[in-house]
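S.K.: Just so you know, the protein sequences line up as chains R and H, in that order. First residue of the first sequence? That's 0 in numbering that gives the first Met the number 0, and the numbers climb one at a time after it. First residue of the second sequence? That's 0 in numbering that gives the first Met the number 0, and the numbers climb one at a time after it.
Since the hints were made in silico from the structure, they are not lab data. Glycine is no exception: its CB is placed at the ideal position from the N, C-alpha and C atoms.
Output of the computed footprint for chain R on chain H, the stretches with three or more beta carbons under 8 Å from beta carbons of chain R:
#	region
1	334-342
2	350-361
Straight line, CA to CA, 20 Å or less: simulated EDC-like cross-link-like pairs of lysine to aspartate or glutamate:
#	chain 1	residue 1	chain 2	residue 2
3	R	Lys240	R	Glu250
4	R	Lys198	R	Asp176
5	R	Lys150	H	Glu343
6	R	Lys156	H	Glu343
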Amino acid sequence: MPRNFFTLMRSSAPAATDVPAATRSGHGTPPPNWTAEAATGVHLDASLEAVRHEITEEVDTALQLRDVSAFYGDFQAIDRMSMPIPRNRVTALIGPSGCGKSTLLRCCNRMNDLIPGARMDGEIEFEGRNLLDPNIDAVEVRRRIGMVFQKPNPFPKSIYENVAFGARINGYSGDMDRLVEDALRRAALWDEVRDELDKSGLALSGGQQQRLCIARAIAVQPEIILMDEPASALDPVATLKIEDLMRELAEEYTIVVVTHNMQQAGRVSDYTAFLLAGEERVGRLVEFGPTQDIFTNPLDQRTEDYITGRYG
Amino acid sequence: MTPMGMTAPSAQLTAFSPRVRFRRGVSVAFMVAALLAIAVSMIMLGALIVEIAVDGAARLFTDGAGVGREAGGGILTDLPTPAGMRWMTWALPVAILLPFVGPRLVNALAPGLPRIAERAMGVIVVAPVAIFVHILYVRFESAYYVEYARAVGIDGASGNIFQVLGEASGFQIVRLLVVGVLVPLAIVAAGWFGAQRMRRPSLIIPAIMIAGWVVYLFMDPWFLSSFPSRKPAEAGIFSAVTGTLYMMVITAAVAFPLGVGAALYLEEYARRNWFSRMIQVNISNLAGVPSIIYGLLGLQVFVRVLEFERSVLAGACTMALLVMPIIIVSAQEALRTVPPSMREAAYAVGATRWQMIRFHVLPYAFGGMLTGNILAMSRAIGETAPLIAIGALTFIAFLADSPTDDFTVLPIQIFNWVARPQAGFHEIAASAIIVLMVILLLMNAAAIIMRQRTRTDW
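All chains should be built: construct the whole structure from the sequences, respecting the hints.
M.R.: Put into structure tokens, the structure is as follows:
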């Protein structure tokens, strides 16, 4: 029963449509002479307010995003996204291509700093500090908030060195062999590689490589692991292994996973955020809530259309 | 899992800790060093232009070139140069070219032949050459023997090869075997493999032949172990070879760290702005500056201002400036081959930029950098003009003990010998050219092997 797309736009959108975005957000340092409107030539406020389902369980917040915007040069990739990332849960970011999922993920550990011309606005609260503050040490942020990439990218070194690298450069002084074994065990890779730790990481299969990357990420004992479509380059069996792994890891780590695969989001995640880019290609948060609610009872028509496969 | 020993307190999230300041310091130090490397060559070039404008170019040469300094020759020698050497000078390039030309020739003459016919044709095309080489060599070895026999007063020396063999010394027999038998066989084999388009054997076989030639030279060790002489038959390239090697080592020691540092700065540290673009363009410009200009630069800056005199050090520093652009550009290329995903992977586990470079980018790109360095060195090894300009000598009858000693190098020695009127000097110049070529080929082979060995398939 299709409802009219436009009538569903949040009527609760703020009235202050003529106020420049950067001043309205009230967080961070607005770039001088910049307004979202001037940069993109459109009013952005029309549907900014996302639907948020109620979080019923008792859960800590690992990261609190407030009005996070990101820009590549003059292009605005995401616009004022606000949501919590619950601790020790798997949060999935879903949405069609180009809606800013990866950008949002890369904001969370300042990976976007590495892209020339990228800048971020808003606030990501982590342990009481704003990660986007220029005075925050991005290297330490990345140590505490690990990342697994879409394409498995093990170093062309031995399996052992792959895992040990992060701990070594971070001044780990304990038993390295134990740490490597432990990380590989947690990444469900130990049994397959225990006898060939000297083998090059590149000699492993795709799925094993990705688990090696996960082991490498957890070897530095981060608090949060960001995964950018970790299974999209893998076959179904390897994908299943990665998904199982995510569920297990969620007991100890907070996981944020970007995925194109809605079944995957449904299987592994506890919370889901649905992102969507409008015609001006600026990604916005549409709906956030427990995965169960989002998938069974989407409140926004666009979310429903997306998860039922009408587009994207 | 307990985070033992891991630095964890939340306070470290803040920047401006000593660690962060140190890191920024490293980054700035790096930038300064690299900029210095680039600036030095540009400023010096500028200074040179000013110098010319003020004093006039002629003044630059008042105590310049060493060529022609030595007293003229004019004394013909009584002992002949071994004839085999002269003929090998011609045979060797032919033999090296054949494996590449032969099969193409076969293909052009009769395309679409069955494989075995193609191979046979390869051999047929090159076999006459092999036989030619063999006959020539035996003939001239015989002639040499006859001449030698006449000189020492042996009667009835006919030059028959069996007679030669009968009276030959162990050295001579090995020489006959290597040059008279092994080299022709290698040529045939090269034709065989070349016809099958098997690149590896058809590369290895010329290498074997070159090795044969080297053996031959060592059978006549006087050439490699003698100092220059006014008599062609006694003149050798000992001081030139050692001078070349000495200078190359210092050149590499100066140019490689500076060049790699500059490349690291440009690729990893510099922001993409007008300044880094200007540096990039000027590095390319420096690569195009004629080498004689670097010679003038070296004469003014190293010989005069820094008072290195006409020493190995002055030559090496000039060469370092000359090859720096090549090293920088090839090191940049090598750095670009390291995929961005490696950098991201390193950053994602909390590596600093320097750790990322030190543990990942540098090791992965090092093979490529070394390759570029070797190729740059093989450019430098053949350069003559800049060293003539700084006044490297041609007649050095001793070995350089320290970097401040006078020196000569192979190209200068060759240049000098070629410029003399006596035919004997022309022949030893040809031999010296082959020695230079062997050194060059060995260096390039090392570069190729290194590139293959260190290549990572991402």
